[in-house]
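Asker: Sequence:
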Amino acid sequence: MSPLLLALLLACERGGSIELGDSDTPPDRGVLTLSAPPAFDPVLGGAVTVDVLAEGVTATPTLEVHDAAGALVRTLDVADPRWDGRDAAGLYVPGGVYTVRASVVTPNGKTLTETAPLGVVRVGFGAVWAEDDGGTTAERLDLYWHGAKLTQDWTAPISQLDGLEDAEGLARDLPDVTTELSAPTAGAAEPVAYTWDSRPVLTLSVGASASFPDDGLDEIDVRVKAEGWTVLAGSPLRPGEPVTIQRDLPLGEGVGLVEEELKLTFVVDRDDGLERALGTQTLPLRFYALLGADTFVETKENHSAWPAAVEPALRAIDGAAPDHDAVVSALVTWIFDEHGLSYDTQYGASAYVYYRNYRWDQAQFDFTGFLKRKNGSVVNCTDSAAILMTYANMLGAEHYYSIILQDFTLNYLLAIGGDEFVSCPFGSGICGFSYHAVTVDSEGEAVWDATLALDGDEDPGSTPNSVLYVQAIEAEEYLDRLVRSGRATYGYDAQGTIQ
17 MSPLLLALLL ACERGGSIEL GDSDTPPDRG VLTLSAPPAF DPVLGGAVTV
67 DVLAEGVTAT PTLEVHDAAG ALVRTLDVAD PRWDGRDAAG LYVPGGVYTV
117 RASVVTPNGK TLTETAPLGV VRVGFGAVWA EDDGGTTAER LDLYWHGAKL
167 TQDWTAPISQ LDGLEDAEGL ARDLPDVTTE LSAPTAGAAE PVAYTWDSRP
217 VLTLSVGASA SFPDDGLDEI DVRVKAEGWT VLAGSPLRPG EPVTIQRDLP
267 LGEGVGLVEE ELKLTFVVDR DDGLERALGT QTLPLRFYAL LGADTFVETK
317 ENHSAWPAAV EPALRAIDGA APDHDAVVSA LVTWIFDEHG LSYDTQYGAS
367 AYVYYRNYRW DQAQFDFTGF LKRKNGSVVN CTDSAAILMT YANMLGAEHY
417 YSIILQDFTL NYLLAIGGDE FVSCPFGSGI CGFSYHAVTV DSEGEAVWDA
467 TLALDGDEDP GSTPNSVLYV QAIEAEEYLD RLVRSGRATY GYDAQGTIQ
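Per the numbering used here, the sequence shown starts with residue 17, numbered consecutively.
Derived pair list, reagent style DSS-like, types lysine-lysine, alpha-carbon separation capped at 27 Å: (1) LYS388 - LYS316; (2) LYS316 - LYS390; (3) LYS241 - LYS279; (4) LYS165 - LYS388; (5) LYS165 - LYS316; (6) LYS165 - LYS390.
To be clear, the hints were calculated from the coordinates, so they are not data collected in a lab.
Take these sequences, add in the hints, and give me the full structure.
Answerer: Now the structure itself:
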């Protein structure tokens, strides 16, 4: 009888048991887990981390990225499991759904494998348009590029890129807004004008080189978020569909300049219900918050708001209350104190205005020349009236110049650029005006004057003197304070034209 048979018989007789097989073989208790985000943009947001956890094993797992056809794209280091979206040759892979595969051999020789899909996308906006909603909550206004002699084109983007990446392959923000205000600057964004209480509407188009959601990415929803703005349409992103957003709050409580860098964040939803940011693209914006549309009588296109005029004006009077008198009064202070102008006390001659056909109601203002100070900074009342009237009407505050006639002597006044009150601005013995140009509202009942400040005390005909800016002063009071003697009367309320 063989030893093995004898042993079996003895075991049966004794009621015992015996285990067959290799008692040194360990049980298979290895566990491998793998997780990856739904998608990432390697250019906009950088590398993505893949989480790999191997328990109950002694071998080091392998980690690979495969394309949709199953071909190996890249082997990753498990000690630093990040993928930058490049293949083994160091080139960015095209957009699409890839598979991350982790494998490890357990102590008993069994291979554990886990896979997870990972979307590679390229997102970013290539162009932005400014719009309105017919004035219901947003009213866009015209701007005129005086150096190019053209009105801003509403059908053209206010900001655009010729590619989502720069020459080094890095993601690009949308361009800064131009600092050159006479004509559109190639490659720069444009400012845009709205009424002060508007909530601007923007339309954004996905860049031409974007790779979402083509190439099998239809199941991955990339959404757009912008703090302070509501996405009205186009999110999640879809091919050929623009994204529309609207500012949550009005531009301000009054006229002014609003500059902001809008952060456009692209996100995807994770399986745990949280968001993962793919990256952020910055959109610099500059809004002119005007009182309203231009109020020129002349309808030629150059009688719209000029960026070269309204931008510095709005910077100076930012926060002025949204009414006619407040806006024009703030302009008086700015022109009188900060323009570096001085009154022509030698001749009292205009530098930038002439009366066409020698008619008081046909002033022609060389505003282009004035912005360049082509004829210097010495002006007279006709110039000052034209300057104030032009700025006011460009901001939407209807305004006219008015001629006060004629040959009257003066109380004490402080001329623009002057440092003391005088009643004879042209020197001893020359103590009057043959005429004087001021500006008035549409009713002609209130006067604003950027040429001079009046003596604001009870006796404007003698010293001492106190500065009274001419800001919405009742028309008769203005004459009482200005004129010492003579029959001064208003006439010829007009706007003239600008060039």
